[in-house]
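Keeping the supplied structure of chain A fixed, place chains B, C, D, E and F upon it in accordance with the hints.
Chains as they are written, first to last, in our numbering: chain A, 1 to 282; chain B, 1 to 282; chain C, 1 to 282; chain D, 1 to 282; chain E, 1 to 282; chain F, 1 to 282.
These aren't lab readings, by the way, just hints derived from the structure by calculation.
Please note: incorrect hints may appear among the correct ones.
Copies of the same chain look alike in the list, so a pair counts if it works inside one copy or between any two.
To be verified - Below 27 angstroms or equal to it, Euclidean Cα-Cα: the simulated DSS-like pairs (lysine-lysine) are: (1) K229 to K7; (2) K69 to K121; (3) K170 to K201; (4) K257 to K190; (5) K211 to K84; (6) K152 to K11; (7) K250 to K9; (8) K119 to K250.
Each chain is listed here by its residues.
Protein chains: 6
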Amino acid sequence: MKNLKLKFKTKNLVKIALAEDVGSGDITTRSIVDSSAVARGVILAKEAGVIAGLEAAKEVFKQVDKKIKFVPRLRDGEMVRKGKVIATVSGPARGILTGERVALNFLQRLSGIATLTNKFKSRISHISSRCSILDTRKTTPGLRALEKYAVKCGGGTNHRMGLYDAILIKDNHIKITGGIDKAVKACKAKKAFKAIEVEAKTLGQVKKAIKVGVDRILLDNMNLKTLRKAVKLCKKARIKTEASGGVNLKIVRAIAKTGVDFISVGALTHSARALDISLKIL
Amino acid sequence: MKNLKLKFKTKNLVKIALAEDVGSGDITTRSIVDSSAVARGVILAKEAGVIAGLEAAKEVFKQVDKKIKFVPRLRDGEMVRKGKVIATVSGPARGILTGERVALNFLQRLSGIATLTNKFKSRISHISSRCSILDTRKTTPGLRALEKYAVKCGGGTNHRMGLYDAILIKDNHIKITGGIDKAVKACKAKKAFKAIEVEAKTLGQVKKAIKVGVDRILLDNMNLKTLRKAVKLCKKARIKTEASGGVNLKIVRAIAKTGVDFISVGALTHSARALDISLKIL
Amino acid sequence: MKNLKLKFKTKNLVKIALAEDVGSGDITTRSIVDSSAVARGVILAKEAGVIAGLEAAKEVFKQVDKKIKFVPRLRDGEMVRKGKVIATVSGPARGILTGERVALNFLQRLSGIATLTNKFKSRISHISSRCSILDTRKTTPGLRALEKYAVKCGGGTNHRMGLYDAILIKDNHIKITGGIDKAVKACKAKKAFKAIEVEAKTLGQVKKAIKVGVDRILLDNMNLKTLRKAVKLCKKARIKTEASGGVNLKIVRAIAKTGVDFISVGALTHSARALDISLKIL
Amino acid sequence: MKNLKLKFKTKNLVKIALAEDVGSGDITTRSIVDSSAVARGVILAKEAGVIAGLEAAKEVFKQVDKKIKFVPRLRDGEMVRKGKVIATVSGPARGILTGERVALNFLQRLSGIATLTNKFKSRISHISSRCSILDTRKTTPGLRALEKYAVKCGGGTNHRMGLYDAILIKDNHIKITGGIDKAVKACKAKKAFKAIEVEAKTLGQVKKAIKVGVDRILLDNMNLKTLRKAVKLCKKARIKTEASGGVNLKIVRAIAKTGVDFISVGALTHSARALDISLKIL
Amino acid sequence: MKNLKLKFKTKNLVKIALAEDVGSGDITTRSIVDSSAVARGVILAKEAGVIAGLEAAKEVFKQVDKKIKFVPRLRDGEMVRKGKVIATVSGPARGILTGERVALNFLQRLSGIATLTNKFKSRISHISSRCSILDTRKTTPGLRALEKYAVKCGGGTNHRMGLYDAILIKDNHIKITGGIDKAVKACKAKKAFKAIEVEAKTLGQVKKAIKVGVDRILLDNMNLKTLRKAVKLCKKARIKTEASGGVNLKIVRAIAKTGVDFISVGALTHSARALDISLKIL
Amino acid sequence: MKNLKLKFKTKNLVKIALAEDVGSGDITTRSIVDSSAVARGVILAKEAGVIAGLEAAKEVFKQVDKKIKFVPRLRDGEMVRKGKVIATVSGPARGILTGERVALNFLQRLSGIATLTNKFKSRISHISSRCSILDTRKTTPGLRALEKYAVKCGGGTNHRMGLYDAILIKDNHIKITGGIDKAVKACKAKKAFKAIEVEAKTLGQVKKAIKVGVDRILLDNMNLKTLRKAVKLCKKARIKTEASGGVNLKIVRAIAKTGVDFISVGALTHSARALDISLKIL
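Pulled out of the complex, with its shape left as it was, chain A reads as follows (with noise of 0.2 angstroms):
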């Protein structure tokens, strides 16, 4: 996490999520515990995964008392056998209980995604080292930059940031406009030194999309044999190759046989399920 914005974003939203927890106090703990006691616990994984989300579990326990140390026992995008610690925490007990929660709901949630990347990407190490796996903009709001962070952890690529940063025209963009070279003739247009890839659904569009010129296409819910007619005509062309829609950790290496430079799946971060995680008082 070496990412000046990342840093920014993980601090805010410890802060919004230790507010909403937190709110008023932890009456538990207060009541219980006293301000003088200090405690020491280890942070374990129940199943095996990818970990990502360290630094804002550290930074949780930092904002909930200074004197709380949290020491990983490994990095992010390192797996984790089952059963292994990831981390120690020790110092205050009341600032371990309160800050607990919420530290792993960061951890549990970015490596289950940096977890179910990693599958997606085992499946097709074999097939191709050059294929990468993508993630998309389904992302939970206001967690952007740390999902996109867990997908890299889980060996993934990022694709676009946001709406702001590459061109992408999509299906409802084309109905639109009235065509794919419209629409990237307008894009061109505007000179706004950007990269642009177009989605096309039948080799129509793909050779519409190649004879315009684009620096990639999105090739959306293809069969296999389309997908596969597809990537070599863009490939001719030089122009680089994304397939994406309804991919599995079944059908995954399929679609990578094909040759596509891309494969992007949004399950990665709208439907990966969180990893077994738990805070255990020594």
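For chains B, C, D, E and F alone, kept in the frame of chain A given last:
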């Protein structure tokens, strides 16, 4: 969504979500679509489920362009069948295209939670109308208010909102204090005017909790036999019971049959997959 | 002030208070005092009282200039005698002069509340060690967390923090619902896992409340005779009682003698006068 | 409240106040009152006083629910008699109940300040129509703009808003600089285009201040005899005078008789008690 | 200003600008002008130029008082002649006077930028309709979105918005990496789906850049002869060219004649002088 | 920059400036430069001038990466010769490259203002050491505090900060009120404890202003002859004078010779061009 807090949160979260997606501008749409163009689209359910988040989706389009008209065809909490229209959007084409993804991100995630909650609720409704499905604090950072609202849309019941509004003494608290009775007494001494729940993993702990007197007992990770005995003891003492730990769609019916008052399910918010919903320009 | 929420609130409120006082700059101090000048001052109690707000005062000077050293001579909740030193401040003279008024504004107001609470508490401590002095929601907009903290410093007990963390059914609620029993039942049906209190103005209402079952009854504006009867009824039913309405230092002892568990006093936060405290440069 | 700054501050403070009171939701009202219920209530003066804060109260209900209609029966700065209606509120019952306390908290505090200011002003109005009652910087953190507005509603005059808009050289400044003349000269050298006032505790200091030339002299804690002499000296030199220190309702008339132009009273804002006002559902 | 981001930014910046100018209140206007007074004024061009910032000016008056009517006589991007009316303002006199300076500060600065951009554009429009005048990242902190908008109003083209939406490898990057080719290859390996531009100061560097393959080459501080050669090489390789470094109104025509596609001018945003515009009450 | 307000403003503005420039990440630097790479650079004056903004530049690098060391070679307000080093930066290479542009944007703009102010001041310093160069409210939205600070660095004097801290009655106010005397009297009646200045365009207005009594008269757009007469009248009445309107480097000396106390120059902040400064990696 008649709730003040929820309205504030939604408005704010939509603002953040648009900022992170739109950034310095939707360069694709602005390049292609004329600022005076109007369009009309439908939001379609591509699978069956329970809808939640219509107000958030509406707010997205409102913030993007006040002239966009968003008309829901059903209300939050209602079932939608595959292929049916959830809402229609009409007005400035640019705004509809720019807001599409963020609106869907809210709708899909919240409807996913409502749908999963509804599945749990349906499994047990034949057994007991009294047993409630509860959410937990295992929510996405920043989205708790919305996710807990989605749980209610799905027929679930909200547990406490955070650490501030009810006392829940968990195993880590007990470990630090040195016993259920000590922990409960410490809470009572504070006169905090809050309901008190305590976690018990064994029948011994259940008995201790009954003796010291609490409002509810969380029966954690017990097998069905133990659970049944625990529920019996609590019923006699007129104390409410909550089952938790590894609850899934297969086992939930058996748990409900034990007579527990509540079953809490972390997966409702930490591992629900998004409902498949899309926006189609007509 | 070991409380996360309070720390956040204090930091933020100090920032706002400095912004409104210092604005575009302390033109007097900057014109007169050299930027390298150092000074030493004492914060003096010009009347006796209970101190609260030392952390806020410390935070003021910290935000003005990190080089200022603020050393408290006693702790929040302790009594100070007239003429005694509460804290010393030393370091850059400019910062001490610029922060003086805001620091005193916090200290004087919060100590005023702590002192008044302490007076109420002292009046009744001979009668019953069980009877608690409660605050209300009649706090200064934006200062609730701090003012409720000051009440605790003065020996008082906090009632609920706001509308969100406990149920208190007041006369206006009853009027709209059409009866105490209806109102209480509606709350129970929501399974909100919150303690329930209901306001009663007559013995008839007390009996209704006891019958439907609640955690606490607020006995509002009853004369001492009625109050005694109400308390007796509630004790039998093992329900806690709270007296409220026109409580002042003269009558509080008589109220406590009725055996109520709690006495709530709006004046603690809405009408306490500031404790006289000043900063003297040595 | 035709003042831009005040409008901003009010809006923002109401937002904060609602956030701290309503938090994650008004659980009582939502449990009991149907979302479609409407109600009508009156805001009543339970004692006589001068009203201030109607705009803030109106803003509270507006932020809670735009459909609530708040109709004031009088204007800020007007006297109200005991038992009279200050305003009516009608519309969604939930919103009225949820906003009640926060609206009253603003109204009671600000009307309390206006009422106290009015009492001071009334005491001296027979003596001199020229003598003004001034507020100080001893205001509640975050509420300065509103509290100074309430002082004006009560017939008082505002002293400077903060450290930024006028020069006031106090004893601590003099102590550090080494003399009134040095301090005043330092301020003049800055050409800051600000009015200059200096604090004097003795006739010697008054003479020094007159000699070096200032716009106003603050006569601090002088007995009536000394005060009279000081005022005489200043009148001759055409310099305005302000009396301060331990001013109360008993002594204020005698102070005004000395001929001072201004009397400043910290208690207006730091020790006014709330005016008794309540909301009654009809 | 049909752009979501720009609307947000403008609204926010106007809020900040009013806060810093109005502060605790416009004491002159409030002292002099009755709150019920109405007035009518015209915003006049005291010199010829291209107008930009009308929406910002409108927003200023709207935030000051919603009752003020601001009616533009022309649109952003249009030329105004000396002495002509740009817009009329009518409504509450206080608000018009209070908002005047901030509204003009926006209008004058943005119109200054649009006017300067227009001068550059006019100089080269005879030579080539294809050559675009680009802005840079040398903008005023906090005003980038508005200033880049003003450049477009003046007929210019926007370069990247910031460090996030396109890759531009500058000399400092090359120095650290050890060569143009290494730097470009590193960028390509990241598959970031962004356009790539690289800075070249010599023909040797241009050749390297062409060989490794980029979207655009920034020809920095070359003399006209070298520039011509560089453009020729790039044209052959179908790579766009951008000239930069010390561009002014005298030399811009000669640079355009070399056939470059873009000329970037830092002065557009860092050194444009304000257009002379004033508000006259009728 | 020993000023609390300025420190707050700078910190906040740097945050905004970095957010708008870095956005979702510096994709160039992150692609090219290793996260462990360190570098060392110098900030060079490419033309002579007066430096202002070193604290802002320092703050930029601090916010980007705390490990970057920024060491100024001179202080704000000092002259720098062409080619000289202003500061050195060393530490993590990524952070230096990412922060470079924003740091320079602050330094160049503020030094541009300081340099222009210094030129005005130098022109008149031989004539009169008493005549001050004043800034105006014609500042960049959001940057007033920093720009007024830069004016002081250049040897100028600050006029009022905004509408809140001094009274300046301008021609539009007079037009609405119906005369200088009416306007001034209205201000005096408010007892606002503020200095009062009034704008006069003719000797008739100057006489009226003298008669009614003010602290300063703004002599607007008078020719030198009229200006001389006006100054003479004011001197006799011991009222300070300020010349304004179309002041430039050619005429400023002649204006100063008339004996005015202040000359205000809008161009200092609305039309200063940036000082040429760059960062060179060694």
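### Message
Hint compliance check: list the failing hint numbers for this structure, sorted ascending.
### Response
Hints 1, 2, 5 and 7 are the ones this structure does not satisfy, whereas the remaining hints hold.
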